[in-house]
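Participant: These protein sequence lines map, in sequence, to chains A and B.
Heads up: the first sequence begins at 51 in the numbering used here, then just goes up one per residue.
Heads up: the second sequence begins at 51 in the numbering used here, then just goes up one per residue.
If you are wondering where the hints come from, they were derived from the structure by calculation, not from laboratory data.
Wrong hints could be hidden among the right ones.
[Stated by the list, open to error] Derived lysine-lysine pairs resembling DSSO-like cross-links, with alpha carbons at most 30 Å apart: (1) B:K243 with A:K243; (2) A:K419 with A:K265; (3) A:K178 with B:K265; (4) A:K265 with B:K321; (5) A:K154 with A:K81; (6) B:K265 with A:K319; (7) B:K147 with A:K265; (8) A:K321 with B:K265; (9) B:K265 with A:K147; (10) B:K82 with B:K147; (11) B:K321 with B:K419; (12) A:K141 with B:K265; (13) A:K319 with A:K265; (14) B:K319 with A:K265.
Please read all numbers here as calculations on a predicted model, not as lab measurements.
2 protein chains.
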Amino acid sequence: MSERVLVQQLQGLSDGPVTVSGWVETVRDQKKVQFVILRDETGAVQLVNPATRPATDPEAAGEQDADALALTALISELTTGTFLTVTGDLKHDERVKLGGVEIKIGTLEVASAALPETPIAADSGMDKRMDWRFLDLRQRRNNLIFRVQTTLEHAMRSYWIERDYIEIHTPKLMASASESNAELFEVPYFEDKTAYLAQSPQFYKQMAQVAGFGKIFEIAPAFRADPSFTSRHATEFTSIDAEISWIDSHEDVAAMQEELLATAIQAVKDKHGDEIQELFGIEVQVPAVPFPRIPLAEAREIVKARGYDIPRTDGDLDPEGERQISAYVEETYGHQFVFITDYHPEIRAFYHMRDEQTGLTKSYDLLFKGVEITTGAQREHRVDVLIEQAEEKGLEPEHLEFYLDFFRFGAPPHGGFGMGLARVMMLLLGQDSIREVTYLFRGPTRLAP
Amino acid sequence: MSERVLVQQLQGLSDGPVTVSGWVETVRDQKKVQFVILRDETGAVQLVNPATRPATDPEAAGEQDADALALTALISELTTGTFLTVTGDLKHDERVKLGGVEIKIGTLEVASAALPETPIAADSGMDKRMDWRFLDLRQRRNNLIFRVQTTLEHAMRSYWIERDYIEIHTPKLMASASESNAELFEVPYFEDKTAYLAQSPQFYKQMAQVAGFGKIFEIAPAFRADPSFTSRHATEFTSIDAEISWIDSHEDVAAMQEELLATAIQAVKDKHGDEIQELFGIEVQVPAVPFPRIPLAEAREIVKARGYDIPRTDGDLDPEGERQISAYVEETYGHQFVFITDYHPEIRAFYHMRDEQTGLTKSYDLLFKGVEITTGAQREHRVDVLIEQAEEKGLEPEHLEFYLDFFRFGAPPHGGFGMGLARVMMLLLGQDSIREVTYLFRGPTRLAP
Chain A
51 MSERVLVQQL QGLSDGPVTV SGWVETVRDQ KKVQFVILRD ETGAVQLVNP
101 ATRPATDPEA AGEQDADALA LTALISELTT GTFLTVTGDL KHDERVKLGG
151 VEIKIGTLEV ASAALPETPI AADSGMDKRM DWRFLDLRQR RNNLIFRVQT
201 TLEHAMRSYW IERDYIEIHT PKLMASASES NAELFEVPYF EDKTAYLAQS
251 PQFYKQMAQV AGFGKIFEIA PAFRADPSFT SRHATEFTSI DAEISWIDSH
301 EDVAAMQEEL LATAIQAVKD KHGDEIQELF GIEVQVPAVP FPRIPLAEAR
351 EIVKARGYDI PRTDGDLDPE GERQISAYVE ETYGHQFVFI TDYHPEIRAF
401 YHMRDEQTGL TKSYDLLFKG VEITTGAQRE HRVDVLIEQA EEKGLEPEHL
451 EFYLDFFRFG APPHGGFGMG LARVMMLLLG QDSIREVTYL FRGPTRLAP
Chain B
51 MSERVLVQQL QGLSDGPVTV SGWVETVRDQ KKVQFVILRD ETGAVQLVNP
101 ATRPATDPEA AGEQDADALA LTALISELTT GTFLTVTGDL KHDERVKLGG
151 VEIKIGTLEV ASAALPETPI AADSGMDKRM DWRFLDLRQR RNNLIFRVQT
201 TLEHAMRSYW IERDYIEIHT PKLMASASES NAELFEVPYF EDKTAYLAQS
251 PQFYKQMAQV AGFGKIFEIA PAFRADPSFT SRHATEFTSI DAEISWIDSH
301 EDVAAMQEEL LATAIQAVKD KHGDEIQELF GIEVQVPAVP FPRIPLAEAR
351 EIVKARGYDI PRTDGDLDPE GERQISAYVE ETYGHQFVFI TDYHPEIRAF
401 YHMRDEQTGL TKSYDLLFKG VEITTGAQRE HRVDVLIEQA EEKGLEPEHL
451 EFYLDFFRFG APPHGGFGMG LARVMMLLLG QDSIREVTYL FRGPTRLAP
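Same shape as in the complex, but just chain A (with noise of 0.2 Å):
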């Protein structure tokens, strides 16, 4: 391995010989002196070099340097993008705006040369960043983004394994919908079967609980052939996922879930905090447990009040009321988070369970800074109240078999949620859409690169 340095830690450094290794962020050509700033995964860091130019004089250039004169023509010649290795001296210099340090180039390996037109600027569009995704993540603000993400999941998982919560690897290649037979991608399979993208691990995180594994987590793909162009929505997406055994009822999920955000987002706040602030203008709030719970009909009552009279006719919430009801909320408790409860059984999945005494879903969606990011329930493990949940939807139970006899050998009570990973960093960073903190997006007419 190269024995370089990485930018960040030059600052601690004494002065003396140092090898750093990055990309050319720009070049400043001057006619004595030559800048270069280069940039690795942790910082900038300004290269220079004292000009020796040919000189026009014979018996002057006779006397040059021929590795000075060198050199300085392949530093001029130096495209942005460009990775290289420099060793050169360190200096501590109060007076270099960068970090307060600089290096004094001895010798420049290019590795590879950019080509000299960069396709994407500052200021280009969504759609072509995405075209040149690999270039548009060189950005120190995209590059945060994904050492924010690693962060939080690592936290989450971390949260889980403390507390004995099993892995999980849910197969995506199915035999049958997990959702609903819209929004299915279609696989042909061997032997002329067809075979279906998971729309989420649903019936295969519940089947972990019949197995006994009591606590389980996953954070994979799910595919969703969903035909519309949000900024919320995107044709494969990460999924943070649980489910756990013995639960009482959905709060049991809810109150696991809010400690576990609470950790996570406490872990990106004391690792990235201050590097938020300073390039995305944010400052992470650690949310307080227990967060907010609103019924759903108490919360359309509240948007109603605010005057915002929802559309939708099935009693749920549309996005405006769910950004209402959000800012309802951190205007009455000063909280980011809302849990929505008590949604009535015909705008939830068959399988979540219903109160015995009110007739509604023992469900719940969470809002954070008004944008739904998770759908959790208890779900339904006595049989038959499942078969007739599933006939009242309109679903064909032999199509459901496989899912059916996980309930027919025995089922403890359990419930999870499922979370888009996506939403919750664009929310948490404060991004319009989730093609900004998505490594590659995938929509409808986005396949590459």
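Starting from the structure of chain A, add chain B where the hints point.
Facilitator: Chain B alone, transformed into the frame defined by chain A:
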């Protein structure tokens, strides 16, 4: 959340009232006393009830406790697999073989009764067990497999996170093949386009390097339309991938991977070593680093000298050759791992970098107990060389344009590996098929449950 106690906690509790939840493993319904073995995700415990049978004498019957009669009848009807919660009196008793404790049943609440006929038995064949995988997974051995896997993965991710790797989620829907045009699943996409399921995250983890991410990892599904039925192949598998920049050769990748594996296997041994010994009869060996390295040509000579003539004419090892060279390494160095190096370009992917002196690829395979678990390599990052190598393989660069573009705007030297999770787990636990260690196996004739 129910106030239940996990079975493994019982030994540490004092005698007194306690609540446990789990499923019925066996019922011993004797005339005077009833025993139920209840299992949860942490262990099994004996429940006991002094039976109260209906008296035939009408006078005696009148004096019988109705609750006691009902409880006895309920226990008599319990079927294997029924999930239930019992509150009762915990009592330490050295004579009880199962953990030295038993619980005298006070109340018993059935969460969900199992059908009386369990469709699989301890001696059922693999295919039948896969049909009823959710029952098969209730076995203690199978539960342990996934707890071991959880520990293994978390130790790997922690290793990377501590070293500032970024976790990425690469898309599984692609506009072209990621490895070869064979074994490719097609997905009809929007607007009559065709998407393909990612055979590996290869191109996209390399993209992270040109994006300046430095060091990345991903654990995610990969798909191969592979018609084979061996014990080592699946149409969907969990791939463990890492990629790092500024390497000098594949040796830097190998050095990271061996340290990663030693760390992760150490974590498994620490947490589950005794239980693996008990249930699988295997002593987990933490591999010493560095692992042995043997050039491919030398490996073939060694295998030949052992009396096995490899029938392959392409210069590679075959499965028996892999077993033989591993046996040699085990005998000679007492090591379960070996890196095979110096593969000829003809038997490697076009993107493997070649050594300028030897013309051989800067790549390796890693064998564990005689089975290949990884291919690792330095990648070619010079676009002109890359195009040449692609053409040499008969690939048409125009189909690779999006990938080649990655290298036209600057790229660092980089490399990485892909490792099959199920293979590692199979070998670690001495199993003879990846089916045994996969949550839900997918193969040419297996899409369910």
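Participant: Return the numbers of the hints above that this structure violates; sort them in rising order.
Facilitator: none
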